[in-house]
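S.K.: Residues per chain, in single letters:
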Amino acid sequence: MSDPILSVKDLRVEFATRSGPLRAIDGVSFDLNKGEVLGFVGESGAGKSLTGTAVIGLIDPPGKITGGEIRLEGRRIDHLSIEELRRIRGREIGMIFQDPLTSLDPLMRIGDQLIETIITHVAVSRTEARARAVKLLEDVGIPAAAERVMSYPHEFSGGMRQRVVIALALAAEPKVIIADEPTTALDVSVQAQIIALLKKLTSERGMAVMLITHDMGVIAQIANRVAVMYSGRIVEIGPVADVVRQPAHPYSMGLMGSIPSLHAEHARLKQIPGSMPRLTALPAGCAFSPRCERADARCKVERPALAATGMTTSACFHPVTSTVAEVAG
Amino acid sequence: MVDSLIKAPRSRLMLRLDAIRDSHLFYSFTRSWIVMVAAFFALLIVAAAALAPLIAPSNPLDLASLDLMNARIPPRWLENGDPQFLLGTDDQGRDLLSALLYGAQVSIGVALLSTVLAILIGVTVGLIAGYYGGIIDTVIMRLTDVQLTFPAILTALLVNGATRAILGDRQIQGSEFWILVVSIALAFWVKYARVVRASTLQERNKDYVHAARLIGVKSWKIIVHHILPNVLGPVTIIGTISLALAIITEATLSFLGVGLPPSHPSLGTLVQVGNEFLMSGEWWIVFFPGIVLAGLALSVNIVGDWLRDALNPKLR
Amino acid sequence: MLAFLIRRLFEAALVMIVVAIVAFTLFRFVGDPVSQMVSQDATIAQREALKAELGLNDPLIVQCAHFIWKSLHFDFGISYKFREPVVNLLGQRMPATLELAAIASLFAIGIGIPLGVYTGINRDSLLTRVIMAGSLIGVSLPTFLIGILLIYLFAVTLHWLPSYGRGETTSFFGLWQTGLLTSGGLRALVLPAVTLGLFQLTLVMRLVRSEMMEVLRTDYIRFGRARGLTNRAIYFAHALKNTLVPVITVIGVEIGTLIAFSIITETVFQWPGMGLLFIQSVQFADIPIMAAYLLLSAVIFVTLNLVVDILYMLIDPRIRVAVRA
Chain A
1 MSDPILSVKD
11 LRVEFATRSG
21 PLRAIDGVSF
31 DLNKGEVLGF
41 VGESGAGKSL
51 TGTAVIGLID
61 PPGKITGGEI
71 RLEGRRIDHL
81 SIEELRRIRG
91 REIGMIFQDP
101 LTSLDPLMRI
111 GDQLIETIIT
121 HVAVSRTEAR
131 ARAVKLLEDV
141 GIPAAAERVM
151 SYPHEFSGGM
161 RQRVVIALAL
171 AAEPKVIIAD
181 EPTTALDVSV
191 QAQIIALLKK
201 LTSERGMAVM
211 LITHDMGVIA
221 QIANRVAVMY
231 SGRIVEIGPV
241 ADVVRQPAHP
251 YSMGLMGSIP
261 SLHAEHARLK
271 QIPGSMPRLT
281 ALPAGCAFSP
291 RCERADARCK
301 VERPALAATG
311 MTTSACFHPV
321 TSTVAEVAG
Chain B
1 MVDSLIKAPR
11 SRLMLRLDAI
21 RDSHLFYSFT
31 RSWIVMVAAF
41 FALLIVAAAA
51 LAPLIAPSNP
61 LDLASLDLMN
71 ARIPPRWLEN
81 GDPQFLLGTD
91 DQGRDLLSAL
101 LYGAQVSIGV
111 ALLSTVLAIL
121 IGVTVGLIAG
131 YYGGIIDTVI
141 MRLTDVQLTF
151 PAILTALLVN
161 GATRAILGDR
171 QIQGSEFWIL
181 VVSIALAFWV
191 KYARVVRAST
201 LQERNKDYVH
211 AARLIGVKSW
221 KIIVHHILPN
231 VLGPVTIIGT
241 ISLALAIITE
251 ATLSFLGVGL
261 PPSHPSLGTL
271 VQVGNEFLMS
281 GEWWIVFFPG
291 IVLAGLALSV
301 NIVGDWLRDA
311 LNPKLR
Chain C
1 MLAFLIRRLF
11 EAALVMIVVA
21 IVAFTLFRFV
31 GDPVSQMVSQ
41 DATIAQREAL
51 KAELGLNDPL
61 IVQCAHFIWK
71 SLHFDFGISY
81 KFREPVVNLL
91 GQRMPATLEL
101 AAIASLFAIG
111 IGIPLGVYTG
121 INRDSLLTRV
131 IMAGSLIGVS
141 LPTFLIGILL
151 IYLFAVTLHW
161 LPSYGRGETT
171 SFFGLWQTGL
181 LTSGGLRALV
191 LPAVTLGLFQ
201 LTLVMRLVRS
211 EMMEVLRTDY
221 IRFGRARGLT
231 NRAIYFAHAL
241 KNTLVPVITV
251 IGVEIGTLIA
261 FSIITETVFQ
271 WPGMGLLFIQ
281 SVQFADIPIM
291 AAYLLLSAVI
301 FVTLNLVVDI
311 LYMLIDPRIR
321 VAVRA
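Chains as they are written, first to last, in the working numbering: chain A, 1 to 329; chain B, 1 to 316; chain C, 1 to 325.
Source of the hints: derived by calculation from the structure; they are not laboratory data. Be aware that one or more of the hints could be misleading.
As the list claims (entries may be wrong) - In silico SDA-like links for lysine to any residue, alpha-carbon gap of 25 Å or less:
no., chain 1, residue 1, chain 2, residue 2
1, C, LYS81, B, GLY174
2, A, LYS64, C, ARG232
3, C, LYS241, A, ASP112
4, B, LYS191, C, VAL139
5, B, LYS191, C, ALA12
6, B, LYS191, C, THR249
7, A, LYS64, C, THR249
8, C, LYS81, B, GLN173
9, C, LYS241, A, ALA129
10, B, LYS218, C, ARG232
11, B, LYS191, C, LYS241
12, C, LYS81, B, LYS191
13, B, LYS191, C, ARG232
14, B, LYS191, C, GLY167
15, C, LYS70, B, PRO262
16, B, LYS191, C, PRO246
Said to hold, decoys possible - Far from chain A by the CB rule (all over 10 Å, computed), these chain C residues:
no., residue
17, LEU175
18, LEU229
19, PHE284
20, ILE310
21, ILE315
22, ASP316
23, ARG318
Idealized CB from N, CA, C, for every residue including glycine.
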């Protein structure tokens, strides 16, 4: 296999508070390959968005990357100067945010926002940038793109605005896109269109995508692999089909159990009892142990590391590979 | 797994951290000691002003005691200073320290009384507009709109001028104090009226007021017993903040020569009188009233700001 | 958009009518037009004749309409004190006040906005703390004290700048005396303009700062950063522009306040403008001048409000749409 385009090793992000640092991301590692879509799922506060923000170098104080390394095509980018990092953003790594209604500057024509982004990164004339902007809008499926470049954001619907946001993120042709809940704020019917668009763009352009979402349905549709996050850690990572069908970590299993399915035998969706611990009160061992049926004394004191468990890689002393395989089989 | 609140866990976390830093750390380290000093200074001046007749070396209002031979003596620690006059004397031979103490008393008195009067007018009008609504409300609110088009100082000056015209020169003598109180009150009542009207509208539509009306409780009883207590909170806060503004307005009017006369000076009058001697080098005549006025306005402002933030952040 | 403008104009007219009625009341009832125009020993018959001639026996509504009609033709009556038409007095002094207010606004905006942007971006830097502490003092000190302090420092002690008056002025066709064309006139402007503009400067600065901090937290700024836009583009093309709507509102209102506060500044610096004339009219109960000044300032404030409304529409495309709908 070729070298990964993005490689994150043992990433740690902390927030300085008066009562000491809060560790919001704790030892996250993953590789993202060219043309791959890697999904990140988990509850609110699990650290998925923060991981994306850390990769693109946009964590605001008092948050800070306090450990680990982030490599883009083998080059470390977590210790770059502010200016070097800025050049990478948009050009090498792009990001799409959740809410298209608030992601666009309301006072600037979308064409100008596109042109501004293109000129920032690529040495082209304004005329050329303008032509590119129209082309981008066409690519993301905006009808009558040549006229719509003159429009203001409020003149578009939510779904169209998210297309504009995607066009903006793609403006300087980055190699990696971090899509942070790209469909959450949209109507269900529009969600499908945006997913289809993302899928089309990734395959056409060979971009790698970090897809952050709480929606397993979205993951199942376009991701190649998926990482399940819990309390700032990756608890399981593997090919989507395997994680969905044969999750090894009890948390992933609970997560999959809570997805509605058309041909499910269970009448009720399963719930995971309790809620994710707060960052101020993380248990010493496995963060999931207080909610876990399978937890024993060891889970409470020792933190499990990621290791191959059946089809996927998970961080659990008591993975559930066999049982689920039997049930599924 | 429906977590529509998922939006951005980090931003929510960070907002909380911001709030902690903004409220506690930032506050206690940079703000509270300033507030303490300001409160202490304000209280000191208020106490000294209140006790002026007891602690002042002489009575500056007693014109018979003045001696022009003592005019323009510099403060005691300077060359030619006179131990009898700690802060020196003005052009009338008046002891500056005594004039300051009495002047502060007048300034604070005007500020307090005008604020109370403004609150009385504003609360009454606001209650009526909010409670009765309809055409009364519309007319009153339109009029407040018009008044708000004008800066308060201009309103105060116009009221002041009109009152002077009505009273005529002779009757003005001796009533300057009350003309000032009324001018300032009429310049500032609008904001109370608006706040009270808004809260009254809210209260009026609550169930207990409907119930009280239903069983035939008289309107004024409902207003006084049920609505008034609920609107007094914000009014008190705005009143405190406005005190600094009232002090400044009084000083400004007196400085402009339409406030208190030099025979019965406030801090603003003292500055106005002293200003004439700035060029000739007798800086102390304007310096001491100026510094007391500035310190008073600044410290009352700081305490007012703090009070607003501490009690009701929504009033920003 | 037209409907919106018409509604605004209607509201402005309403304000003007109320102000005109107040001015009329002042003019007619507070002042006594007759006794000011006849000599002390005029007979009652002479007074009555003058009263009839002035139309003071007409119904009030007619008198009021007459007053407004004359005001529209710049006839504000005769000053009691100066025995001259009020319009001439105001006309002579208007250039001084307008020039002072204009320079003070430039000073307040030209320094207030950059300081607000700086302190909004560098929220906790040492310089920000110093500026914010200074601005608290600027907000709290009475204008006249600041003026006196500046005079003492720069005129009395350092002898750098004149302490009163307009200095040398140049005349335009005998209509407009300007101090902007001579070095003496410009030097005389410095202290009064700084005194007058300081309060507005701190207000503008504090507002721009809080708006900047607000806007810098928005998603579109984060998205701009995620696209690698330069700080300059983020701060100026996006953030500052988005703070402008509230900032312009306040600036519009504050320019009006500035004209009112010029009364104080003109008194401190003996600046021969409308403010100084007005304060003399208050001291001497010179009602015609007060009434005219009231009308004139209402016109200025209402016009400023209209200009602000129009600027809104030029800046914010959303308002244009909301207005059209």
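S.K.: For A:LYS64 and C:THR249, compute the direct alpha-carbon distance and say whether it is at most 25 Å.
M.R.: 38 Å, violated
S.K.: For the pair supplied as a hint, C:LYS241 and A:ASP112, is the alpha-carbon distance within the 25 Å limit?
M.R.: 14 Å, holds
S.K.: Tell me if the straight-line CA distance from B:LYS191 to C:ALA12 falls inside 25 Å.
M.R.: 21 Å, holds
S.K.: For C:LYS81 and B:GLN173, compute the direct alpha-carbon distance and say whether it is at most 25 Å.
M.R.: At roughly 20 Å apart (the allowed maximum being 25 Å), B:GLN173 and C:LYS81 satisfy the hint.
S.K.: Within a Cα-Cα threshold of 25 Å, do B:LYS191 and C:VAL139 meet the stated pairing?
M.R.: 19 Å, holds
S.K.: Since C:LEU175 was said not to touch the interface, does its Cβ keep a gap of more than 10 Å from each Cβ of chain A?
M.R.: For C:LEU175, whose nearest Cβ neighbour in chain A is about 41 Å away, the distance exceeds 10 Å, so it holds.
S.K.: Would the least Cβ to Cβ distance between C:ARG318 and chain A come out above 10 Å?
M.R.: Contrary to the label, C:ARG318 does not stay out of reach of chain A, its closest Cβ about 5 Å off (not over 10 Å).
S.K.: If you draw a straight line from the CA of C:LYS70 to the CA of B:PRO262, is it 25 Å or shorter?
M.R.: Given pair C:LYS70, B:PRO262 is violated - Cα atoms ~40 Å apart, limit 25 Å.
S.K.: Check whether the Cα positions of C:LYS81 and B:LYS191 lie no farther apart than 25 Å.
M.R.: Measuring from Cα to Cα gives roughly 36 Å; hence the hint is violated.
S.K.: Could you let me know if the closest chain A CB is still more than 10 Å away from the CB of C:PHE284?
M.R.: 51 Å, holds
S.K.: Taking 25 Å as the top limit, are the C-alpha atoms of A:LYS64 and C:ARG232 close enough?
M.R.: 24 Å, holds
S.K.: Grab the minimum beta-carbon distance between C:LEU229 and chain A and tell me whether it stays above 10 Å.
M.R.: Given a closest Cβ separation of 6 Å, the condition is violated.
Comparing the model with each numbered hint stated earlier shows that hints 7, 10, 11, 12, 13, 14, 15, 18, 21, 22, 23 do not hold.
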